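Single-letter residue listing:
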Amino acid sequence: MERLNDEGQWIVLMGFLVSVGIFFLAFVLSQSTLVGQTTSDAVLEFPKNEIRDYRAEVIDLVKEDKITDAIIKDLKSLELHRNNAVVNFTYLGEITGSPGSLYDYTKINISFNNGLTRYKELCYVPKKK
Amino acid sequence: MDITLPEFKSEIIDDRAVSEAIGFIILFSIVISGIGLVMLYGYPMLLEGQISSDERNMEQMMINVQNDIKLLTYSNVPYRDVVLNVAGGSLWVHDFSDTSQLFKITYNGYNDTFQPGEIQYISDGGNAVITVENGAIVTRQQNGEGSTMVAKPRWFYDDDTDTFVIFLTRIKAADTYFLDGVGNIPMSMLDAPEVTDLSSAGGNDVTIEYTGDPNDDYSKAWENYFTGSSIVDGGLTKTGDSYVLSNVDRFVIKRYNVTIGRM
Amino acid sequence: MVMADDRAQLYTIEGLTAGLIMIATAYFVLNTGFMYAPGDAHIADMQLEQIGTDALLMMDTPVNDSVGSELEGYVNDGTGQWDSFNTTLNNYLRMNTGATSMVNNIRYNASIYYRKSSTDEVGAFEFGHFGDLVAHEPAVSVSRLVYCDNNPPSAPYDHSPQELIFEVILWRG
Chain A
250 MERLNDEGQW
260 IVLMGFLVSV
270 GIFFLAFVLS
280 QSTLVGQTTS
290 DAVLEFPKNE
300 IRDYRAEVID
310 LVKEDKITDA
320 IIKDLKSLEL
330 HRNNAVVNFT
340 YLGEITGSPG
350 SLYDYTKINI
360 SFNNGLTRYK
370 ELCYVPKKK
Chain B
834 MDITLPEFKS
844 EIIDDRAVSE
854 AIGFIILFSI
864 VISGIGLVML
874 YGYPMLLEGQ
884 ISSDERNMEQ
894 MMINVQNDIK
904 LLTYSNVPYR
914 DVVLNVAGGS
924 LWVHDFSDTS
934 QLFKITYNGY
944 NDTFQPGEIQ
954 YISDGGNAVI
964 TVENGAIVTR
974 QQNGEGSTMV
984 AKPRWFYDDD
994 TDTFVIFLTR
1004 IKAADTYFLD
1014 GVGNIPMSML
1024 DAPEVTDLSS
1034 AGGNDVTIEY
1044 TGDPNDDYSK
1054 AWENYFTGSS
1064 IVDGGLTKTG
1074 DSYVLSNVDR
1084 FVIKRYNVTI
1094 GRM
Chain C
1474 MVMADDRAQL
1484 YTIEGLTAGL
1494 IMIATAYFVL
1504 NTGFMYAPGD
1514 AHIADMQLEQ
1524 IGTDALLMMD
1534 TPVNDSVGSE
1544 LEGYVNDGTG
1554 QWDSFNTTLN
1564 NYLRMNTGAT
1574 SMVNNIRYNA
1584 SIYYRKSSTD
1594 EVGAFEFGHF
1604 GDLVAHEPAV
1614 SVSRLVYCDN
1624 NPPSAPYDHS
1634 PQELIFEVIL
1644 WRG
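Protein chains in written order, with this note's numbering: chain A, 250 to 378; chain B, 834 to 1096; chain C, 1474 to 1646.
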């Protein structure tokens, strides 16, 4: 057998490293899961704006004393028909601020549920004395 | 001190009796059997990989289709198109009237049967069948029993108000459509969803029964969905062939009609 | 006689290894999906939805506590205020520096949804639209709850005060 020719070892080594690199990349590529459910889908699905809108509206109405039975019915029915959400609103009473404080509070419970996301808040709505 | 390395023995092997013809035959047969082995094991492996990758892709593609159906229905948008590449099989759209699977829903005197229709992918090389049915993605093997749910519909029970909300998504198509290769599924929802809002003070039972097509049966998938905890903790109770949720004060059914145009 | 020599054994082994690596690479690549529908298919929709929500939020934010918001003003007047709504929304949607003239291709349709107190059903009427949905453009929808204590003649409301949903469907035309 001929004696091994050990010239050009670096070139051989680099070639080998490159091929291992390509192999590794291919492996990583095949492991990366394909997603039909992308981040943007999750963002579109998450009802952030609906919850914020509902919450802001209810708090505004409570602040301005505009809540009536008809309004609550409107809210429930519209949220169900247009946003597929079951919403609830419970009035938990007035809380008088301590003497000298600037605000009284109305204690309310807000909930929003569209099957995917559930939001519940116990909220003290301030009202100027 | 000096060390003298011994010379290689190979240089002194006497190779006068070696026949070149036999050497060539041996080398050639090694090469041929090498190629044979690669063909025997490597090629089916590559093919298998191709099929399973097609099926996995279609599963994800169906999630894409479902996402567009969700946008169409839950966000009240009139049109959505899905561009997709159907590989390793074919995609079919069946109008609800051409399919036989159905949901029977009963609540406090209210009775209804609902046929969902389907968008279905059937793999040619493999055995997978992936179906978009009533807002869910279900899958089964062509030759096997059983089925699983890849993506769930968004039915839910709100325990604050004891409200059970279900969504029924119907696929409508003027004809049975077929797609292979790159294509477009034009989807539209032009009529407003119908909402049935039922309530019964003190609560009542909601009974849901799924009847599968014997040749295309996803009852196991639906059973796991109903009895699992995604609708309500603990799931619905299985009684015979139907699933029961008790003490529902308010039961809401939302019905969507998704029309698929010519692909 | 020419010898079948045994030189270049290392090269043979190298060749074999390279072949194996190539086959394995091909296997992994084929195992990877080629997806025609890109994973970023809904990014544009997400952005459009955000633009729409922000525009409506701006419109629904009053300048101070004692007055209602712009949007409340428009809605309280039935469909009569479509023109001023159209101008405001268009202005919000095409916000630009003025340094370049920009093409605004966002089109929309606005509707109002209300509850019919007699049947508890939800009714709808069109508030107005800018552009037409002609070619199945993919759209997104955004909405705001609006308080209304007026009963304008152009609207089919049956009770007052009430809560309405103002829904805008947006698409790129």
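Keep in mind the hints are simulated off the structure, nothing from the lab. Since the model is a prediction, treat every value here as computed from it, not as a measurement. Beta carbons are placed, not taken as given, at the ideal position from N, Cα and C, and that holds for glycine. Errors might be hidden in some of the hints.
Chain A is nowhere near these chain B residues, computed Cβ spacing over 10 Å in every case [claimed, not checked]:
| hint | residue |
| --- | --- |
| 1 | Leu880 |
| 2 | Trp988 |
| 3 | Asp991 |
| 4 | Thr994 |
Computed spacing ranges between beta-carbons, pair by pair [unchecked claim]:
| hint | chain 1 | residue 1 | chain 2 | residue 2 | range |
| --- | --- | --- | --- | --- | --- |
| 5 | B | Gly856 | C | Leu1489 | 50 to 60 Å |
| 6 | B | Ser933 | A | Lys322 | 18 to 28 Å |
| 7 | C | Ser1627 | A | Tyr373 | 36 to 46 Å |
| 8 | B | Leu880 | C | Glu1599 | 50 to 60 Å |
Now for the hints, and whether the structure bears them out:
For Leu880(B), the condition that its CB be more than 10 Å from all CB atoms of chain A holds, with the nearest at approximately 16 Å. At roughly 7 Å from the closest C-beta of chain A, the C-beta of Trp988(B) falls inside 10 Å, breaking its exclusion from the interface. In this structure Asp991(B) is not separated from chain A by more than 10 Å, as the shortest Cβ-Cβ distance comes to only about 4 Å. Against chain A, the non-interface label of Thr994(B) is violated: not every CB pair exceeds 10 Å, the least being about 5 Å.
Look at Gly856(B) against Leu1489(C): about 19 Å separates their beta carbons, and that is not inside 50 to 60 Å. Checked against the given bound of 18 to 28 Å, the beta carbons of Ser933(B) and Lys322(A), roughly 40 Å apart, lie outside it. Under the hint 36 to 46 Å, the C-beta atoms of Ser1627(C) and Tyr373(A), about 40 Å apart, fit the expected range. Checking the proposed 50 to 60 Å range against Leu880(B) and Glu1599(C) shows it holds: the Cβ atoms sit about 56 Å from each other.
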